[in-house]
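S.K.: Whenever a hint applies, use it, and build me the whole structure from the sequences.
Number of protein chains: 2
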Amino acid sequence: MSDRTDDLGFSPAKMGRAGEDVALQIEAAILDGKIQPGESLPSERDLRDQFQTGRGVIREAMRALKEKGLVEIRKGAKGGAFVKEAEVKNASESLALFLKQRDVDPCCLVEFRESIDRTITILAIARSDEASKRQLEANAEKMASLLVNGDPDMATLAEMDRELNIQLAGMSKNPIFQWIMQAIQLGFSSHDDCLYADPYFRKETVANWQETTRQIAANEPMRALSSIGRHYALLLDCLQTRKETS
Amino acid sequence: MSDRTDDLGFSPAKMGRAGEDVALQIEAAILDGKIQPGESLPSERDLRDQFQTGRGVIREAMRALKEKGLVEIRKGAKGGAFVKEAEVKNASESLALFLKQRDVDPCCLVEFRESIDRTITILAIARSDEASKRQLEANAEKMASLLVNGDPDMATLAEMDRELNIQLAGMSKNPIFQWIMQAIQLGFSSHDDCLYADPYFRKETVANWQETTRQIAANEPMRALSSIGRHYALLLDCLQTRKETS
DNA sequence: GAGTTCCAAATGGTACGACAATTAAATAGA
DNA sequence: TCTATTTAATTGTCGTACCATTTGGAACTC
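Chains as they are written, first to last, in the numbering used here: chain A, 205 to 450; chain B, 205 to 450.
Derived by calculation from the structure, the hints in this document are not laboratory data. Among the hints, erroneous ones may be present.
Pairs involving identical chains hold if they fit within one copy or between any two copies, as the list cannot separate such chains.
Below, in silico cross-link-like pairs of lysine-lysine (PhoX-like), each with a Cα-Cα straight-line distance of 25 Å or less [claimed, not checked]:
#: 1; residue 1: 238; residue 2: 293
#: 2; residue 1: 304; residue 2: 238
#: 3; residue 1: 407; residue 2: 293
#: 4; residue 1: 218; residue 2: 272
#: 5; residue 1: 288; residue 2: 346
#: 6; residue 1: 377; residue 2: 447
#: 7; residue 1: 337; residue 2: 282
#: 8; residue 1: 270; residue 2: 282
#: 9; residue 1: 279; residue 2: 218
M.R.: Structure below.
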């Protein structure tokens with residue numbers, strides 16, 4: 205049980221790249237489990253003494269660890285840097301950032317997404333429990349109900365679409381698929397918006413989500429895949445239409 | 205052509221979370237293309253004036269951007285923060301960190317790779333030209349020849365394995381598959397090493413690569429997929445064996 | 001003129017000190 | 001007992017000075 209004043213094996217930081225050094229030592233301590241998630245590191249001033257350096261160096265190192273998603277920093281008394289449970293979100297943001305900086309052909313993205321979506325669907329049917337499947341179906345139902353109420357809030361629909369995708373990815377019980385799916389949703393949800401901008405595609409897409417989730421809940425993999433195929437056919441059509449009009 | 209003294213749209217940082225604010229503004233400027241890769245940001249002292257804040261805040265923001273892989277920092281005259289070309293390495297490391305901290309089962313990674321490998325193979329057969337296919341086959345042949353010469357250099361074999369995977373991914377003509385494959389190869393090739401450490405698995409794996417590339421060159425997708433399946437069955441067996449002995 | 005050496009400027013890296021802002025806990029008061 | 005206030009601990013910010021490294025030019029030597 206590492207407390208705030210514990211003597212972790214921190215050695216004085218080397219000159220020139222002290223910030224790097226400090227960050228690496230603390231990261232190693234976290235990865236070695238010397239500090240458990242939920243516990244806090246010593247205060248910046250304590251760390252400054254342990255590393256025999258300036259407070260600015262410690263702050264830079266903390267900033268780096270925070271960016272990596274390793275710690276969470278709280279202000280005030282009893283504040284400090286608390287070791288965080290690893291979240292797939294950080295890794296996803298990193299991938300999304302990379303994808304954003306490259307301008308990638310939307311068709312390539314659709315192709316890729318369809319590929320992993322099919323696998324995810326198969327895995328979700330095989331591995332997730334009945335409750336999850338019904339929850340997924342209910343969420344698709346909820347999206348459909350929003351539509352009939354004459355409330356075509358595009359932002360809300362797109363958000364629900366993202367959540368359905370991520371929820372489904374989680375049901376695959378494989379964190380790597382979650383990684384990819386979240387990254388795609390973070391970086392390229394704008395392409396999906398076109399599906400919900402047009403009344404026809406909006407109606408078809410929502411109905412397709414209902415069909416897909418229904419087949420998943422019914423443990424019908426082939427029919428679910430067929431429905432997935434329809435989804436991406438719609439998306440490609442929609443992108444094609446948009447390209448022609450622009 | 206943004207020069208070091210250009211007036212980018214930076215507004216004074218808000219108190220309380222100035223570091224965040226600065227980092228976000230600069231990141232937005234980079235993502236909007238206001239600063240092109242290779243160009244440099246203003247010096248820390250200039251930025252301090254533009255944001256009307258302290259230099260420590262700027263340094264923390266820079267550290268965050270550096271951690272995200274957005275900039276590269278050089279010391280000395282004509283030094284500063286230079287916008288970097290996006291690298292897949294960062295996303296890879298981020299995922300590796302997550303998987304390590306959460307102690308994710310290697311089988312998840314194998315499952316994921318098999319999934320996209322199958323799609324890549326189909327696409328490669330459909331889209332790549334005959335020359336590429338023959339080149340791929342030749343490279344597998346070369347690996348086999350290394351084996352018969354009684355020169356079991358594990359590092360070389362693993363490297364050739366990586367190259368075969370990336371080459372195949374490139375033949376899919378979809379850059380996303382290529383990036384994902386690179387990310388996986390960068391961060392997690394260590395698992396594959398076990399295939400080449402054991403004489404039996406080494407022999408089988410190399411023979412399997414020959415078979416796979418041969419079927420790809422022959423435009424036989426189903427047989428190629430069958431061979432791919434064999435590859436991952438071997439990998440799972442190998443991991444299982446390793447787990448039992450440890 | 002060519003090459004070398006040396007120095008000065010620019011820039012990131014470090015250290016230190018002071019104060020502000022925020023938060024949890026202790027304390028005083030009703 | 002409950003509430004309001006104070007207090008202490010901690011992060012967040014600012015400023016200054018100085019060190020280390022790199023570049024480029026100036027001065028010097030051959």
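S.K.: Taking the hints in turn, state whether each one holds.
M.R.: Evaluation of the provided hints:
1. For the identical chains of this complex, residue 238 and residue 293 are intra-copy neighbours only, at 24 Å inside a copy versus 27 Å across copies, given an alpha-carbon limit of 25 Å.
2. For the identical chains of this complex, residue 304 and residue 238 are inter-copy neighbours only, at 15 Å across copies versus 36 Å inside a copy, given an alpha-carbon limit of 25 Å.
3. Taking the shortest alpha-carbon separations for residue 407 and residue 293, neither the intra-copy value of 31 Å nor the inter-copy value of 40 Å comes in at or below 25 Å.
4. Taking the shortest alpha-carbon separations for residue 218 and residue 272, both the intra-copy value of 22 Å and the inter-copy value of 23 Å come in at or below 25 Å.
5. When the C-alpha separation of residue 288 and residue 346 is checked against a cutoff of 25 Å, the pair qualifies neither within a copy, at 33 Å, nor between copies, at 44 Å.
6. Proximity of residue 377 and residue 447 under a CA criterion of 25 Å is satisfied inter-copy only: 21 Å between copies versus 37 Å inside one chain copy.
7. Taking CA atoms no more than 25 Å apart as the test, residue 337 paired with residue 282 passes in neither setting, with 42 Å inside one copy and 58 Å between copies.
8. In this homomeric assembly, residue 270 and residue 282 come within 25 Å of each other (Cα to Cα) only inside a single copy, at 18 Å, whereas the closest approach across copies is 29 Å.
9. In this assembly of identical chains, the alpha carbons of residue 279 and residue 218 lie at most 25 Å apart only when taken from different copies (17 Å versus 28 Å within one copy).
When held up to the earlier numbered hints, the structure conflicts with 3, 5, 7 and fits the remainder.
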